[in-house]
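Here is how the chains run, residue by residue.
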Amino acid sequence: MMAEVKILYFAGLREALGCPGERLALPAGVDTVGALRTHLAARGERWAALDAGRNVRAAVNQRMAAADTPLDGADEVAFFPPVTGG
Amino acid sequence: MTVSVQEADFDVGAELAALSAGRRDVGALASFVGLVRDDGGADGVSAMTLEHYPGMTEAALQEIVDEAAQRWTLLAVRVIHRHGRLLPGERIVFVGVAAAHRGESFAACEFIMDYLKTRAPFWKYEEGAQGGRWVDARDSDGSAAARWEQGWDEVEGRR
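Protein chains in written order, with this note's numbering: chain A, 1 to 86; chain B, 1 to 159.
Treat each hint with caution, since some may be false.
[As the list claims (entries may be wrong)] In silico contact screen, one side only, chain B against chain A (beta carbon under 8 angstroms); selected entries:
#, residue
1, G55
2, M56
3, A59
4, H81
5, V93
6, L116
7, K117
8, T118
9, P121
10, F122
Calculated from the structure, these hints are not laboratory results.
Since the model is a prediction, treat every value here as computed from it, not as a measurement.
The C-beta atom is built at its ideal place from N, Cα and C for all residues, glycine as well.
Could you put together the complete structure from these sequences and hints?
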């Protein structure tokens with residue numbers, strides 16, 4: 001059975017993609033943050049905002065994550081631009 | 001050691017007073033207040049909207065405070081970060097640190113701000129004369145946070 005994750009997009013990335021988030025059944029082989037990002041970017045057009053060359057950060061289950069962070073046990077994955085608070 | 005993420009403004013004096021209220025062991029209170037700034041450029045900044053990641057934001061701030069408390073002996077810490085639409089001159093963030101001595105309070109306050117700038121999920125959207133734009137992260141914020149990995153805490157915080 002494919003695992004379903006909640007994906008969230010924030011700030012300028014949310015605007016570029018035109019949606020705040022989605023639910024996605026992870027396809028076979030999409031088992032890391034980097035693989036999920038590649039999978040989403042491959043949708044083309046506005047999803048190019050997630051292309052490898054773009055400055056995008058990620059979190060898994062609300063903790064900062066890296067490209068090689070596994071999605072095993074992930075309920076919520078977020079993609080966003082570098083943070084600018086403070 | 002409490003953090004708050006809120007739309008409402010805060011009272012700097014009351015927050016500072018609360019950090020040492022009823023205690024006899026606090027010898028130093030350091031604080032930082034960040035404000036919305038109109039940079040005075042041609043476009044100007046007429047307003048700023050802070051977006052955040054509810055849930056993760058609070059956890060990320062708490063983690064930063066916990067890490068500061070591991071590095072220095074701190075008696076009390078308070079972090080407040082606002083979100084929503086703010087005008088130039090309005091307060092965005094408060095960090096207050098109570099310690100026995102000034103070295104620990106200054107260093108921990110700066111550490112918390114440096115880490116907040118690179119690890120807490122907030123994003124600024126500026127409105128100006130030419131419209132709105134998302135603020136880009138600055139390289140200097142990354143290097144400010146990175147210096148704490150290089151033993152600067154030994155130099156700055158433990159004199």
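Hint by hint, here is what the structure shows:
| no. | hint | verdict |
| --- | --- | --- |
| 1 | G55 | 5 angstroms, holds |
| 2 | M56 | 4 angstroms, holds |
| 3 | A59 | 6 angstroms, holds |
| 4 | H81 | 6 angstroms, holds |
| 5 | V93 | 5 angstroms, holds |
| 6 | L116 | 5 angstroms, holds |
| 7 | K117 | 5 angstroms, holds |
| 8 | T118 | 7 angstroms, holds |
| 9 | P121 | 5 angstroms, holds |
| 10 | F122 | 3 angstroms, holds |
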